[in-house]
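**Q** Please construct the entire structure, taking both the sequences and the accompanying hints into account.
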Amino acid sequence: SNVKAAETAALFSHVSAADSHMASRSRRWHQKQIEKKRKKRDMFTGLLL
Numbered sequence: 018s019n020v021k022a023a024e025t026a027a028l029f030s031h032v033s034a035a036d037s038h039m040a041s042r043s044r045r046w047h048q049k050q051i052e053k054k055r056k057k058r059d060m061f062t063g064l065l066l
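The sequence shown begins at 18 in our numbering and counts up by one.
If you are wondering where the hints come from, they were derived from the structure by calculation, not from laboratory data.
Take these hints with a grain of salt, some might be off.
Below, computed lysine to any residue pairings styled on SDA-like, alpha-carbon distance capped at 25 Å [to be verified]: (1) Lys-54 to Arg-42; (2) Lys-49 to Met-39; (3) Lys-49 to Ser-30; (4) Lys-49 to His-38; (5) Lys-49 to Thr-62; (6) Lys-54 to Met-39; (7) Lys-53 to Ser-41; (8) Lys-53 to Met-39; (9) Lys-56 to Ser-43; (10) Lys-54 to Ala-35; (11) Lys-54 to Leu-64; (12) Lys-49 to Leu-64; (13) Lys-57 to His-47; (14) Lys-56 to Trp-46; (15) Lys-56 to Arg-42; (16) Lys-57 to Arg-45; (17) Lys-21 to Arg-44; (18) Lys-57 to Arg-42; (19) Lys-49 to Ala-35; (20) Lys-49 to Gly-63; (21) Lys-49 to Asp-59; (22) Lys-49 to Ser-37; (23) Lys-57 to Trp-46; (24) Lys-56 to Leu-66.
On a predicted model such as this, the values are computed, not experimentally measured, just so you know.
**A** What follows is the structure, encoded as structure tokens:
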């Protein structure tokens, strides 16, 4: 029973680690998209000024 519990705990920690990794990756991706949009907008306002 203890072995099973340990295996389950290991599996859960592995999954949560993968989840947080994916979350940080997608957050970074969103940040990049936002920066791209901001740069595009800055270029646009630069042209207008």
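**Q** What hint numbers does the structure not satisfy?
**A** Checked against the structure, the hints that fail are numbers 3, 10, 17, while the rest are satisfied.
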